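K.L.:
Position chain B relative to chain A; hints supplied.
Order-wise, the sequence lines are chains A and B.
Mapping the first sequence onto the numbering used here, position 164 (from 1) lands on 218, and the numbers just tick up by one.
Mapping the second sequence onto the numbering used here, position 78 (from 1) lands on 132, and the numbers just tick up by one.
Errors might be hidden in some of the hints.
What the hints assert, rightly or not - With the C-beta cut set under 10 angstroms, the calculated list includes, among others, these residues of chain B facing chain A:
id: 1; residue: GLU126
id: 2; residue: ASP200
id: 3; residue: THR214
id: 4; residue: SER221
id: 5; residue: GLY226
id: 6; residue: PRO228
id: 7; residue: ALA231
Said to hold, decoys possible - Partner residues are not named here, just some residues of chain A that face chain B (Cβ under 10 angstroms, in silico):
id: 8; residue: LEU58
id: 9; residue: TYR78
id: 10; residue: ASP138
id: 11; residue: LYS144
id: 12; residue: ASP196
id: 13; residue: ASP200
id: 14; residue: THR216
id: 15; residue: ALA231
id: 16; residue: PRO238
id: 17; residue: ALA242
id: 18; residue: ALA244
id: 19; residue: GLU247
id: 20; residue: ARG249
Think of the hints as simulated: they come from the structure by calculation, not from any bench.
Quick caveat, the model's predicted, so the values are computed rather than measured.
Beta carbons: idealized from backbone N, C-alpha and C, even for Gly.
Spelled out from the first residue to the last, the chains are:
Protein chains: 2
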Amino acid sequence: MARLLTELEKLPGVGPRTAERLAYHLVRRGPDEGHQLSRAIDGVMESIRPCSCCFHLTDQDPCSICSDSDREAGRLLVVSQPKDLEVMEKAGWQGRYHVLLGDLSGPSGGADDGTADASLRALQARLQNEEIEEVVLGTNPDLEGDGTALAVAERIEQWTGTRVKVSRLARGVPTGAAIEYTNPAVLAEAIQERRALYSGSQ
Amino acid sequence: MARLLTELEKLPGVGPRTAERLAYHLVRRGPDEGHQLSRAIDGVMESIRPCSCCFHLTDQDPCSICSDSDREAGRLLVVSQPKDLEVMEKAGWQGRYHVLLGDLSGPSGGADDGTADASLRALQARLQNEEIEEVVLGTNPDLEGDGTALAVAERIEQWTGTRVKVSRLARGVPTGAAIEYTNPAVLAEAIQERRALYSGSQ
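Chain A on its own, in the form it takes in the complex:
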């Protein structure tokens, strides 16, 4: 029982009391329900793998996005993790993705199990084999994400010269915010990267 509680507590949002409640629920429902859950977990653990093309976690290979011929194949959006891909889908991105599965630089010095390196090698292969016109870097707009974006941009330039267009998400004030409550650092960047509406003739 202690081992089950320990494992349950590793789940996000599950503290000691929730873990106990879940464990007792399983015990009360009897062995069948427990085994079904454990088999379902095992099943997912065995079937979910990084897509061999884009490294998104998937139970089919290539994943449903890589094998969807209706997507814009010439544009790749690079994200750090599968959750970021999901929110980019909600934002309406029409192209394909490449998931790093880990950040490459940052305070942790890029400590990593090697998945990010494998993902980068796969990205290099895609840039050689697919007709990629543009790579959009969609890492987090923070120190670690910016470091990762810079590292990926430099690799792409090493691999392809200037053949492939590389861009990053716009940085600025988020739609719907109020200026008076906006962080000065965010405003400073929004001023710095301001966008011309009429360009002036002087």
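P.N.:
Chain B in isolation, oriented as in the chain A frame:
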């Protein structure tokens, strides 16, 4: 007493109970402290006026920013209200300002006491009399603020043709945010306005 409570409750963050606490504090402290407070309020009410140049609220005319010769005189940042000016100062803006003191368009149809119109006329005069190179629109990144920005941009173009450069704050993901918790509408705009790092040769 009821009238004082009503007036105190109009202050931001002051509910009935806080109003009572403030009122009884004044009563306990005796008439001198109360009169000092009321004279201080009257004094500010009489001395604070919109700057005749930029419409920032100030007790000197022109305000300390308009009369500061160290500021970049050729760039104006247009904001909706004095609070927005204050946060732009924290963000490090080096130029001058123009405060609209009200939004010009939006759901309320621009209902306004005429101050925004007076501020706009003052802006027109500044564009004619000062050597303004660029106007940056710094209204809120929401429906009402965007409507105001558009209206001001159109006026400036009517007044000056394309002589004056008009720009707006960059819109995008705010520095420090996490992609996975970012609003899809914000991400969609950040994708739309993405910034080229390497521009590609195809």
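K.L.:
Which hints, by number, does the structure contradict?
P.N.:
1, 8, 9
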